[in-house]
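Put chain B on the given structure of chain A with help from the hints.
Top to bottom, those sequences are chains A and B.
End of the first sequence = 205 in the working numbering, gap-free, step of one.
End of the second sequence = 205 in the working numbering, gap-free, step of one.
Everything labelled a hint here was simulated from the structure, so no lab data went into it.
Among the hints, erroneous ones may be present.
You can't tell identical chains apart in this list, so a pair holds if it fits in one copy or across any two.
Taking lysine-lysine pairs in the DSS-like style, the calculated list, with each CA pair at most 30 Å apart, reads [what the hints assert, rightly or not]: (1) Lys32 with Lys93; (2) Lys189 with Lys73; (3) Lys19 with Lys98; (4) Lys19 with Lys55; (5) Lys189 with Lys123; (6) Lys20 with Lys98.
Here is what each chain is made of, one letter per residue.
Number of protein chains: 2
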Amino acid sequence: MEFPTESIKNVVEAFSKLPGIGKKTALRLTLHLMQKSSIEVDNFANALLNLHKNTFRCKKCNHLSDQEICNICLDTKRDNKILCVVEEVGDLLAIEKTGYFKGKYHVLGGKISPLEGIGPNQLSISKLLERIQNEDIQEIIMALSTTQEGETTAFYLSKEIQSINPDIVISLIAKGIPSGASLEFIDELTLSKSLLYRSQYSTLNPQKF
Amino acid sequence: MEFPTESIKNVVEAFSKLPGIGKKTALRLTLHLMQKSSIEVDNFANALLNLHKNTFRCKKCNHLSDQEICNICLDTKRDNKILCVVEEVGDLLAIEKTGYFKGKYHVLGGKISPLEGIGPNQLSISKLLERIQNEDIQEIIMALSTTQEGETTAFYLSKEIQSINPDIVISLIAKGIPSGASLEFIDELTLSKSLLYRSQYSTLNPQKF
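Extracted from the complex, chain A is given alone in its bound form (with noise of 0.2 Å):
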């Protein structure tokens, strides 16, 4: 496709490498800018330039914080006998917004892939079973997805992990049917596990925080 401009499609381009943006709405996206003041789009560029210059890795728990360590690791009102391990940032933060999770948490970077070539060394394993043999921590919720690949990094860490301490309690979060869903319209892997994971209505007690 032909441009009207150099500037205009070296923006579409930066657009379009964003993920679930296509060609056509990265011009859409584009056009709408070209419509804006030039302040507004100078605004949006100059929140770009800052991102990485003002937000780190937390040196504890791998979250994103514009401090050494994130707020999570350094509220003491939060529970630091209880980690949930997820792969990324946007995991944590869909976990704090249900507010129902008050335990820390520890962030992988991502899930074992051997066809991304993405392997242990590559993830923020290692500071994870540090945390493990300096802190006490009782159970690691691993709030991993759930395909084959975050099965797989499950597996791996907890094995890891029992070899560190074998009485640390490792719990996977529920795999079922989600909320609000009509059965006919869920796969069959997670209807079947729905049922093989059944819990007994009367002695139902949900674990809390």
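Same frame as chain A, but now just chain B:
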């Protein structure tokens, strides 16, 4: 929602000002950029900084260009006698992509919309009427939205154009069933218009440019 850092919040807010991008997508895009190198993000920022600097409105047709007069207006191979009036640059690019139209364009920069406070004076209409007075234009194709506002704009323009030159042919792009569609999924208004504006099969003779 609480963001890990102020810089992340700023980028999320900049993204979520774009059309069709909600807070959730904005966060996903921002976290994606966090995983990219700062060079890549800076390139994106610089593309944005240059967007307004190197892009102007064509003095003739109001299209976007890096020169005073755009490439389409300068193209001597295109037919000067036929002018396609569109609302936005995106519409012009969509028509150009078909490769079917070989005339010139005029970009209004929007449509008459009393609800949004957009009257004829906010649009590039006086420039269009000037062109009609000064150039040898024989046909004006209104390629406007098939909405109430698009139709109001077409009605207003046709009155103005005819008061200057009653001999000019004014045409509207065809309204009807889009290609590849099943009739059962078409809304009633489109379907009734496609019946109203039906064409005789044997004498069907589409206009060539």
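Hint check:
1. Lys32 with Lys93: between (32 Å within a copy, 25 Å between copies)
2. Lys189 with Lys73: For Lys189 and Lys73, neither the intra-copy (36 Å) nor the inter-copy (65 Å) Cα distance is at most 30 Å.
3. Lys19 with Lys98: Answer is between: at 24 Å across copies they meet the 30 Å cutoff, but 42 Å inside does not.
4. Lys19 with Lys55: Between copies, since 28 Å is at most 30 Å while 38 Å is not.
5. Lys189 with Lys123: Neither, since 32 Å and 66 Å both go past 30 Å.
6. Lys20 with Lys98: between (42 Å within a copy, 23 Å between copies)
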